[in-house]
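Q: Taking my numbering, I'd label the letters of the sequence shown as residues -8 to 312.
Quick caveat, the hints were computed from the structure, so don't treat them as lab data.
Any given hint might turn out to be false.
Pairs of lysine to any residue, SDA-like flavour, derived with a Cα cap of 25 Å [to be verified]: (1) 3 x 64; (2) 91 x 124; (3) 3 x 266; (4) 47 x 101; (5) 91 x 136; (6) 238 x 249; (7) 59 x 80; (8) 138 x 2; (9) 211 x 295; (10) 295 x 252; (11) 211 x 246.
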Amino acid sequence: MEYRRLGRTGIKVSALSFGSWVTFNNQLDSNQCDRMLALAYEAGINFFDNAEVYAKGESERLMGESLKRLGWRRSSYLIATKLFWGLHDGPNEKNTLNRKYLLEGINGCLQRLQLDHVDLLLCHRPDPETPIEETVWAMHDIVTQGKAVYWGTSEWSAEEIARAHEIAERHHLHKPVAEQPQYNLFARARVEGEYRRIINELGIGLTTWSPLASGLLSGKYQGGIPADSRAALPGFEWIRDRITPDKLAVVDALLPIARDLSCSVSQLAIAWCLRNRAVSTVLLGATREEQLQENLGALVVLPKLTDEVMAAIADVVGDGK
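Can you build the whole structure from these sequences, using the hints too?
A: Right, here's the structure in full:
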C-alpha cells in the first residue's frame, strides 16, 4: 500500500481507502461488513469513510459495531464522517450547517460509531442559508473539543472553500484541510480545473469518491443492469439514468487499453485517479471480497500508466466534463 499526506497535514492516508456509501446496511449485513473491513485493513487501508446520512445512520452504526468486534488499535486507522443532510425533518435538523446542528450532530455520529473522536469531519454539502463564518467557527470548536482531529468539506465550490480558509486564517481557527469531490474519467472538470488554486495555494487534500462512476467504469453494465448492482436498488434510479450509450461506448473503447496492461477496466479507472498526485486517497466501495481484491490491484497498474497510456485514455474519454 502507498501512503500519501492528506494535503499539507502531517497525517498519512492510504492511497486507496474504503467507503460505506450504499453498501453498508443496503447491501451488506454486519458479518459481511466485518469481513470487508478486515480485508481492507489487512491490505494496508487505514482510511474508512462514512456519513450520518448513509442508510439514515445505520451505516455508521454498522461500522462502529464492526470496529468494536475487530478490536483494531485506534491509532492504526482513520475514520471520516460527514454532516449536512440530517436524520430528521425539523427546520434546524436537515440540509444545514448551522452551529446547533453541527455541535449536536457530531455527538450522534460518535455515539453510532462508538468512538470518542473521528479523524476527519466533513461538511457534506455547502449550506447557502448559513453564513460560512458560523460553520467555520462550529467546526473549529468541534476540533478544539477533540471530537474531530481535522475538518473539511465535500462538494463545495473552490470559492466557498477559499472563503472558509480565509475566515479561519483571519481568526486563527482550525482550517479546512480536505475536500471530498467526485472524481473519475467521466467527472474531471472540478478537480482538474476549478480546484487548482485550493490545491496548490491552500494545500487542500482530496479524498475522492466514485472512481468507477457508480460502477459504470467497471464494465458490469455493458450487457444490462445486474440484479445485485447499485443501479437495481430502490432509490438509486439516478444511477440507471447515467448508464447511457455514449458512456458504455467509452468503456468498450477502454477495454483494449486495459487488456494491453493486463488489467481490468476497473483497475485502469482507479489507477487513473491515483495518477493525479493532488489526490490523497481514492475511496473504494465494494459488496464482495473478490471485488475489493480486484480494485486493490489498481496499485499494481499505477506504475504502468505512462504518459503514452494517459494520452491514449484521454483520446477515448475526451474532456470528461
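Q: Now, for every hint given, state plainly whether the structure supports it.
A: Taking the hints in turn, this is what the structure says about them:
As the CA atoms of residue 3 and residue 64 are separated by approximately 16 Å, the hinted pair is consistent with the 25 Å bound. For the hint linking residue 91 to residue 124, the alpha-carbon distance of about 14 Å falls within 25 Å, and the restraint holds. This hinted pair checks out: residue 3 and residue 266 have alpha carbons roughly 17 Å apart, not beyond 25 Å. Only pairs whose Cα atoms come within 25 Å are accepted, and residue 47 paired with residue 101 is accepted, the gap being roughly 15 Å.
Distance hint between residue 91 and residue 136 is fulfilled; the C-alpha atoms sit about 15 Å from each other, no more than 25 Å. Using a Cα cut-off of 25 Å, the hinted pair residue 238 and residue 249 holds, with the two alpha carbons roughly 16 Å apart. At roughly 31 Å between alpha-carbon atoms, residue 59 and residue 80 are farther apart than 25 Å, so this suggested pair is violated. Proximity of residue 138 to residue 2 is assessed by CA-CA distance (about 17 Å); at most 25 Å being required, the pair is judged to hold.
Restraint check: the Cα-Cα separation between residue 211 and residue 295 comes to about 24 Å, which is no more than 25 Å; the hinted pair holds. Between residue 295 and residue 252 the CA atoms are separated by roughly 7 Å; this keeps the pair inside 25 Å, and the hint holds. Taken as a hint, the residue 211 and residue 246 pair is honoured in the structure, with Cα atoms around 12 Å apart against an allowance of 25 Å.
Violated hint for the displayed structure: number 7, the only one.
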